[in-house]
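For the record, the sequence lines run as chains A and B.
In terms of our numbering, the first sequence opens at residue 1 and continues consecutively.
In terms of our numbering, the second sequence opens at residue 1001 and continues consecutively.
Accuracy of the hints is not assured; some may be wrong.
Unchecked claim - Here chain A is said to cover these stretches of chain B; the calculated rule only asks that three of the stretch's residues, wherever they fall, bring their Cβ under 8 Å from a Cβ of chain A:
# : stretch
1 : 1075-1088
2 : 1093-1100
3 : 1113-1121
4 : 1255-1265
5 : 1284-1290
Stated by the list, open to error - Rough simulated footprint, nothing fancy, chain B against chain A, three-plus residues with beta-carbon under 8 Å:
# : stretch
6 : 77-88
7 : 93-106
8 : 281-293
Just so you know, these hints were derived from the structure itself, not from any lab.
No experiment lies behind these values; they were computed from the predicted model shown.
For glycine and all other residues, C-beta sits at the position ideal for the given N, C-alpha and C.
2 protein chains.
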Amino acid sequence: MATMEEIAEKAGVSQATVSRVINGYQGVSEKKKKLVMDWARKLDYQLNMTAQSLKNNKSYLIGLIISDISNPYFAEIVHAVEKEATRNGYNIIICNTESNIQREKEAINSLRSRQVEGILLVPANKNAAHLRSLQQKNLPVVVITQFSKLFTSVAVDHVKGSELIIKHLVDLGHTKIGYIGPDKYSGCKEDKFEGFKKGIKNSNLNLDSDYIIKTAGGLPELSSQDVFKKVTSFLKTSDKKIATAYFAYNDLAAFEAIKAFEDFGYEVPLDIAIAGFDNTSLSKINRPSLTTISQPIKTIGHLAFEILLEKISKSESDTESIVLSPSLIIRDSTLMYEKINK
Amino acid sequence: MATMEEIAEKAGVSQATVSRVINGYQGVSEKKKKLVMDWARKLDYQLNMTAQSLKNNKSYLIGLIISDISNPYFAEIVHAVEKEATRNGYNIIICNTESNIQREKEAINSLRSRQVEGILLVPANKNAAHLRSLQQKNLPVVVITQFSKLFTSVAVDHVKGSELIIKHLVDLGHTKIGYIGPDKYSGCKEDKFEGFKKGIKNSNLNLDSDYIIKTAGGLPELSSQDVFKKVTSFLKTSDKKIATAYFAYNDLAAFEAIKAFEDFGYEVPLDIAIAGFDNTSLSKINRPSLTTISQPIKTIGHLAFEILLEKISKSESDTESIVLSPSLIIRDSTLMYEKINK
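So here's chain A without its partners, still in its complex pose (with noise of 0.2 Å):
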């Protein structure tokens, strides 16, 4: 690797042009510029990012805590947040925390002491007792896909968009509309629980306990695995009482309840419709296709880096919620209902 030294020699210039040239500074003419430029380029002249970055206090790096790759919802959020990095001239460094508390304590501190310039998060827990300390360091951080009264959040509105899902059920003529998803996540109300309930109130139904099958939270992949036992373990009572349309709280769990529920012999959508949330590639791709809420993962990535990006530049510390639109996106898992119906 070529040194400040070999380029001054070859492009005939003092050294102290070259270190000017190369870290940027003002004061060299244009021709010096090009001719330092060229010489580096030829000589394969690597910038060290690290030297530069503790000269400079900034290192272009951002750090993304996700708690679940594995689930494709999340790895399209990395894939946006990653085109908008790198047209910024920024890395990102990802940490994984599969929901565990513990391992985001450490994604922070690990991601701290690489100086990033502000972390991306999605949290296990978002009222965590290491949040409200995160809070305090004068580091910027923008919570995605959720809502946080400690840090400015992007995410979409998760209680309309169940409420959209249940109003479409019973717009089809279901009455009797189920659930299937935890109650609580990650420490609070489980949004989309309570949209479902308020979509139900809304359309002057009762709630009925009977059709709301609770699986655990927390754990990703394990989560909808806990759906397939759930609605199977639902199934094998003898005394159910099912409904004719459930609201899954995700798309991997609807998946699973899909599964589930034709391993028993049901048809869906023709015995049971079921509708999922997040518009994963995957729910297009499914048989039958799923019937969704689409949450704008582009725009999600784009506008939480772009803020981030300003509460860098800006030193700003104003929290504030972006709440975003979701859209409702109907497919096949909900569609025969009607059409029988009529």
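The hints should help you fit chain B onto chain A, whose structure is shown.
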């Protein structure tokens, strides 16, 4: 944030002692070490990895360059590598190239400027000139999920995996077996297409070009869309000859192919058997569940990281190919044919 000075004052030791403890040098008593570390924790001393890495020439950073994180298969690789890296005190910087050579070049430059200690790479084109120049540099690289002549690589035997699929289809009684996918990948022959041809030959069947639906490789996000388009336009031709079973070169392609066939009224597997490759988490969830080839993703991530670490610590530059064995996972998308014919 605390300074070493403050820690020294609180702990009642010299600054030099604090520095020695924090930088892990020998010659400090266990008692003093504990005292310093306790105060460092209490005062929330933040280790500056950037400064550390300049001093020790160790960044504890690894670059992970992948072609498409939206593909669940790669997301699972990221998951495995991130886990392994964390366990070893490393962080990973992730770069998504979308199989674009220019972006891959930029990613490599960017990672080198960050002083990463090594790179795990899924090449966009394994014969690209810039990779030959990367090989000349003194930077450990391990290629994953593909084989490489330039670098040590960890991948499953794609040819063998494809042969397993063809043998399975032949065992089920199929004699008209097709292939859906590209015939070239990453500037070379597509191994899965080679394995398909080998499998057909080994079963004493004739290779019939009418059964081959060639699709675009390259940009992964587009390539699965291309599968849907190509299969659809094939099914629209009037003089088509349809095979009874198709091997699609990856799971996403298989899902798209199933969709296209079903749109034309074919039932999978009743009319057409379809198999994929990768055993992504979706292959189990999809209806019909997908017969596919399992790649030991966790093993790939684990092994590749281990080998990279070894290269980093020993500075050895031997190039070897680690060939992992694929396994056949039989699911519904190929099953019925057998049932019907018995």
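Outcome, coverage hint (the stretch 1093-1100 of chain B, chain A; C-beta under 8 Å; three residues):
holds (count 4)
Are 3 or more residues of the stretch 93-106 of chain A near chain B, judged by a Cβ distance of less than 8 Å?
holds (count 6)
Okay, the stretch 1113-1121 of chain B and chain A, do three or more residues pass the C-beta test at under 8 Å?
The restraint on the stretch 1113-1121 of chain B holds, since 3 of its residues have a Cβ under 8 Å from chain A and three suffice.
Residue count check for the stretch 281-293 of chain A against chain B: does it reach three with CB-CB under 8 Å?
holds (count 6)
Report holds or violated for chain A covering the stretch 1255-1265 of chain B, Cβ cut-off 8 Å, minimum 3 residues.
holds (count 5)
Proximity test - 8 Å, beta-carbon atoms, the stretch 1075-1088 of chain B to chain A, at least three hits:
With 7 residues closer than 8 Å to chain A, the stretch 1075-1088 of chain B meets the three-residue bar; holds.
Count the residues of the stretch 1284-1290 of chain B whose CB lies closer than 8 Å to any CB of chain A, then report whether that count reaches three.
Per the Cβ count (4), the hint holds.
State whether the coverage of the stretch 77-88 of chain A by chain B holds or is violated, taking the criterion as 3 or more residues with Cβ-Cβ distances under 8 Å.
holds (count 5)
Of the numbered hints listed earlier, not one is contradicted by the structure.
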